[in-house]
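Novice: Below are the chains, spelled out letter by letter.
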Amino acid sequence: MVEVNLWSGLRAFADGKDCVEVDAKNVGEVLSGLVEKYPGLEHVIEAGVSVAVDGKVIASGLTEPVKPDSEVYLMQQLKGG
Amino acid sequence: MAFDETKTEDFKVVGQRVKRPDGVDKVTGKAKFGADAVAPGMLFAAIVRSPHAHARIVKIDTSKAEALSGVKGIVTRADFATGLTGGDLDVLENVMAGEKALYDGHAVAAVAATSQLVARDAAKLVEVEYEVLPHVTDVDKAMASDAPVIREGAADQSVPEGMHPNVVRYHESGHGDIEAGFAEADLVVEDSFKTEATHQGYIEPHACLAQLGGDNKGELWCCTQGHWNVQKLCAAMLGLETSQLRVTASEIGGGFGGKTAVFIEPVALALSRKTNRPVKLVMSRSEVFRATGPTASTSMDIKIGMKKDGTITAGQGTFRLQGGAFPGAPMEFTAMCAFAPYNLQNVKQVGYDVMANRPKQAAYRAPGSPMAAFAVESVIDELCKKLGLDPIEVRLKNASKQGTKASFGPTWDRIGLVETLEAAQSHPHYSAPLKEGQGRGISCGFWFNHGGETSVTLALSEDGTAQLSVGTPDIGGSRASMAQMAAEELGIPYENIRTTIADTATLGYNEVSHGSRVTYASGLATIKAARAAVKILCARAAAKWGIDEDAVVWENGCAKPSGPNAGEFDPLPIEKLTRSMGRTGGPIVGHFEATPEGAGVSFATHIVDAEVDKETGQTKVVRYTVVQDAGKAINPAYVEGQFQGGAAQGIGWALNEEYIYGEDGRLQNSVFLDYRIPVASDLPMIDTVIVEVPNPGHPYGVRGVGETSICPPLAAIANAVSNAAGVRLKELPMSPPRILAALEDQANNG
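Chains Z and S supply the protein sequences, listed in that same order. Note that the first sequence covers residues 1 to 81 in our numbering. Note that the second sequence covers residues 1 to 750 in our numbering.
I should point out that these hints are in silico values taken from the structure, not numbers from a laboratory. Note that beta-carbon positions come from the ideal geometry of N, C-alpha and C, so glycine has one too. Treat the hints with care, since some could be wrong.
[As the list claims (entries may be wrong)] Non-contacting residues of chain S with respect to chain Z, defined by C-beta distances greater than 12 Å in every case (computed):
no., residue
1, Lys-7
2, Thr-242
3, Thr-411
4, Lys-576
5, Ala-637
[Said to hold, decoys possible] Under the rule of at most 25 Å between Cα atoms (straight-line distance), these lysine to any residue pairs were calculated in the SDA-like manner:
no., chain 1, residue 1, chain 2, residue 2
6, Z, Lys-25, S, Glu-453
7, S, Lys-401, Z, Arg-11
8, S, Lys-32, S, Tyr-494
9, Z, Lys-17, S, Gly-176
10, Z, Lys-67, S, Gly-403
11, S, Lys-405, Z, Ser-50
12, Z, Lys-17, S, Thr-411
13, Z, Lys-17, S, Arg-666
14, Z, Lys-56, S, Pro-696
15, Z, Lys-25, S, Trp-412
16, S, Lys-405, Z, Asp-18
17, S, Lys-405, Z, Gly-48
18, Z, Lys-56, S, Glu-172
19, S, Lys-405, Z, Pro-68
20, S, Lys-7, Z, Asp-54
21, S, Lys-232, Z, Gly-48
22, Z, Lys-17, S, Gly-162
23, Z, Lys-56, S, Pro-694
24, S, Lys-401, Z, Ser-50
25, S, Lys-405, Z, Asn-26
26, S, Lys-614, S, Glu-744
27, S, Lys-405, Z, Arg-11
28, S, Lys-405, Z, Glu-3
29, Z, Lys-17, S, Ile-178
30, Z, Lys-67, S, Ala-594
31, Z, Lys-56, S, Glu-692
32, Z, Lys-56, S, Val-418
33, Z, Lys-56, S, Glu-453
34, Z, Lys-56, S, Thr-6
35, Z, Lys-56, S, Lys-405
Use the sequences and the hints to build the structure in full.
Specialist: Printed below as a string of structure tokens:
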């Protein structure tokens with residue numbers, strides 16, 4: 001299992017939690033695991049998110065690996081000017 | 001060694017101040033910008049725009065316009081695709097109004113005619129019947145309970161119950177116990193700040209030439225930061241198959257984020273399809289101001305607690321961003337960047353995305369971050385003054401560094417904020433004496449930077465030179481930087497590489513030139529493509545020598561045996577291998593197609609000296625120093641140019657630039673005469689210091705540099721002006737009337 005930290009605005013969609021656990025070996029499985037466990041997060045993830053894994057911000061790569069002890073943060077999708 | 005993943009020293013071409021390959025063409029007028037495109041039989045277009053900030057479109061009568069000699073076609077919303085949803089629908093709604101005009105300048109129809117004059121005359125003959133509706137342009141007023149609703153149902157599920165329908169997205173993040181943090185503090189300062197919308201101010205207005213037939217196959221030439229994105233959006237809005245629209249990016253006369261969207265391109269394509277002729281559409285400056293995307297305007301509340309020794313115990317920010325009549329104001333970035341420079345145990349940031357009757361905001365260099373820095377760094381400056389602390393020492397004491405927790409959550413990897421602060425502290429500017437009437441300001445700033453989908457091809461020619469095709473429009477000298485990285489890998493002169501911005505039919509998808517991603521992502525792709533080509537070169541040499549491929553290395557543009565055991569052979573220079581490539585296996589081409597995910601964040605520290613005339617409110621920036629972490633400067637001259645450009649635009653944003661709306665909701669200053677961007681005489685020499693803390697996610701350590709440079713200026717200038725004027729300035733721009741009002745308020749109220 002991997003601990004996934006959510007930004008606190010997402011607590012409303014994750015049973016009031018801002019840290020949840022999902023079974024995942026990569027970023028794609030983190031996202032699908034979150035939707036499976038907390039369907040209320042689907043609109044957020046569909047709208048686009050980034051995932052920070054051990055300090056590295058993954059903007060779109062679903063195959064980026066995640067380890068059980070990885071530090072994982074769901075983040076707003078990054079863009080720029 | 002040729003195939004090492006990273007290289008941090010012994011560069012031969014990288015780090016040199018080579019001349020840009022497009023420079024002569026640009027200064028001699030040969031370079032082709034968006035408005036330079038022509039085609040036989042082309043028509044000229046003009047757009048009919050709403051004079052109202054908010055109005056229902058009751059009827060559009062085009063009969064008089066159609067009757068004008070020379071008019072070949074008119075389009076309205078009915079000529080675009082139906083059934084779009086989400087972001088695509090928002091873009092279409094912005095490109096061509098549907099049921100309502102949502103801001104002054106919103107397009108409602110467009111005309112194509114045989115000349116520009118006829119097109120403009122015909123546009124005036126299009127009769128639009130409006131039912132004028134109440135409007136709102138101010139962010140705080142747009143959130144109030146009595147504000148007119150701009151678009152029902154635009155809010156997403158993140159918005160808490162009870163908010164006005166104009167609040168369309170909500171963000172909240174942070175960690176720790178914010179109230180306990182404030183209780184620990186010796187001093188808590190709380191204040192509110194506002195910034196007005198500003199425009200990117202690119203000198204080249206939007207321009208395009210479109211050709212689309214009834215068979216839905218088309219060509220588009222346009223000035224853009226990302227032609228694959230233009231292709232995708234235009235295809236959606238016109239109901240085309242994406243691959244049937246080929247888009248070529250012209251040279252670009254500035255973008256700064258404002259050319260990451262589409263405004264006129266779908267309109268020109270629709271007119272071309274309707275008239276079966278090529279159609280050219282060029283915006284006027286007034287149209288650029290009224291109907292493209294400026295920044296969001298903001299209203300912000302900041303509260304920070306500090307101990308007497310300078311330790312920040314807690315930080316809290318509420319950020320309300322107005323992004324026009326559509327969702328998308330970058331309030332989440334404002335929130336996440338606000339406290340990013342500081343290692344805080346207790347932090348909370350809240351963001352609101354608010355709609356108003358203004359044009360749809362677009363990205364502008366580090367979208368959302370400069371405003372956050374203005375508010376947060378102003379309060380930190382106030383705390384330093386009240387506690388008698390040195391502003392750089394306080395920032396060093398609290399600085400984010402590798403291993404500390406970011407205000408938005410993750411643990412930082414290798415970052416260079418401390419190095420920029422130390423370089424600023426030891427810079428002569430920081431200890432230089434100030435004259436009477438002058439003040440000094442300091443600020444830090446942060447931006448994430450980005451990777452994104454990237455595709456590059458490097459093809460070797462038979463004479464040993466190379467053609468490099470990249471898909472990211474050159475908005476800051478990137479052709480030179482790419483050529484330098486390719487030359488470094490191939491071991492050939494920089495001049496032997498020609499870099500071309502390829503069209504959408506030539507490479508795989510390339511994300512827009514945004515997020516300071518080009519030198520990082522296209523650079524990484526260039527290095528990998530060059531290494532792929534070198535691998536083939538080594539294999540060809542190995543085959544010629546009859547040895548194993550692994551026994552060949554690439555050095556200084558030549559294949560060589562890796563050591564005595566590999567055999568004794570004379571080095572084979574690149575031109576010998578390429579001359580025979582047709583007979584030794586075919587063309588030698590290196591590719592790279594991927595989405596690099598190792599973009600390194602960057603920090604900057606700026607020092608500003610400003611002088612304020614208390615009688616007139618006039619401000620002059622007298623000295624400016626930018627210190628920023630570039631990771632690795634591929635071409636220091638262009639890195640310095642980015643640093644200076646960010647500072648220059650920041651000076652305009654801080655002191656002069658603002659969108660001014662009248663009571664009628666119409667933009668009052670839609671020309672450069674009234675919307676004043678800085679000119680050379682407004683600016684001091686902007687000194688630069690390049691700090692290089694390598695990004696572990698790039699083979700040479702590159703971090704993006706284009707955006708972070710605009711993060712600290714608003715705050716650094718505000719701190720300098722406030723220190724010079726003796727009163728805290730809380731609203732941008734700090735124009736003479738605002739400075740005089742602040743001085744008067746202080747005199748009246750203390």
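Novice: Each hint: holds or not?
Specialist: Each hint tested on the structure:
| no. | hint | verdict |
| --- | --- | --- |
| 1 | Lys-7 | holds, 20 Å |
| 2 | Thr-242 | holds, 19 Å |
| 3 | Thr-411 | violated, 5 Å |
| 4 | Lys-576 | holds, 40 Å |
| 5 | Ala-637 | holds, 22 Å |
| 6 | Z/Lys-25 / S/Glu-453 | holds, 23 Å |
| 7 | S/Lys-401 / Z/Arg-11 | violated, 28 Å |
| 8 | S/Lys-32 / S/Tyr-494 | holds, 24 Å |
| 9 | Z/Lys-17 / S/Gly-176 | holds, 15 Å |
| 10 | Z/Lys-67 / S/Gly-403 | holds, 19 Å |
| 11 | S/Lys-405 / Z/Ser-50 | holds, 17 Å |
| 12 | Z/Lys-17 / S/Thr-411 | holds, 20 Å |
| 13 | Z/Lys-17 / S/Arg-666 | violated, 45 Å |
| 14 | Z/Lys-56 / S/Pro-696 | holds, 10 Å |
| 15 | Z/Lys-25 / S/Trp-412 | holds, 22 Å |
| 16 | S/Lys-405 / Z/Asp-18 | holds, 16 Å |
| 17 | S/Lys-405 / Z/Gly-48 | holds, 23 Å |
| 18 | Z/Lys-56 / S/Glu-172 | holds, 21 Å |
| 19 | S/Lys-405 / Z/Pro-68 | holds, 20 Å |
| 20 | S/Lys-7 / Z/Asp-54 | holds, 23 Å |
| 21 | S/Lys-232 / Z/Gly-48 | holds, 17 Å |
| 22 | Z/Lys-17 / S/Gly-162 | holds, 22 Å |
| 23 | Z/Lys-56 / S/Pro-694 | holds, 14 Å |
| 24 | S/Lys-401 / Z/Ser-50 | holds, 22 Å |
| 25 | S/Lys-405 / Z/Asn-26 | holds, 23 Å |
| 26 | S/Lys-614 / S/Glu-744 | holds, 10 Å |
| 27 | S/Lys-405 / Z/Arg-11 | holds, 20 Å |
| 28 | S/Lys-405 / Z/Glu-3 | holds, 16 Å |
| 29 | Z/Lys-17 / S/Ile-178 | holds, 18 Å |
| 30 | Z/Lys-67 / S/Ala-594 | holds, 22 Å |
| 31 | Z/Lys-56 / S/Glu-692 | holds, 19 Å |
| 32 | Z/Lys-56 / S/Val-418 | holds, 20 Å |
| 33 | Z/Lys-56 / S/Glu-453 | holds, 17 Å |
| 34 | Z/Lys-56 / S/Thr-6 | holds, 18 Å |
| 35 | Z/Lys-56 / S/Lys-405 | holds, 13 Å |
In this structure, the earlier hints numbered 3, 7, 13 are contradicted, and the remaining ones agree with it.
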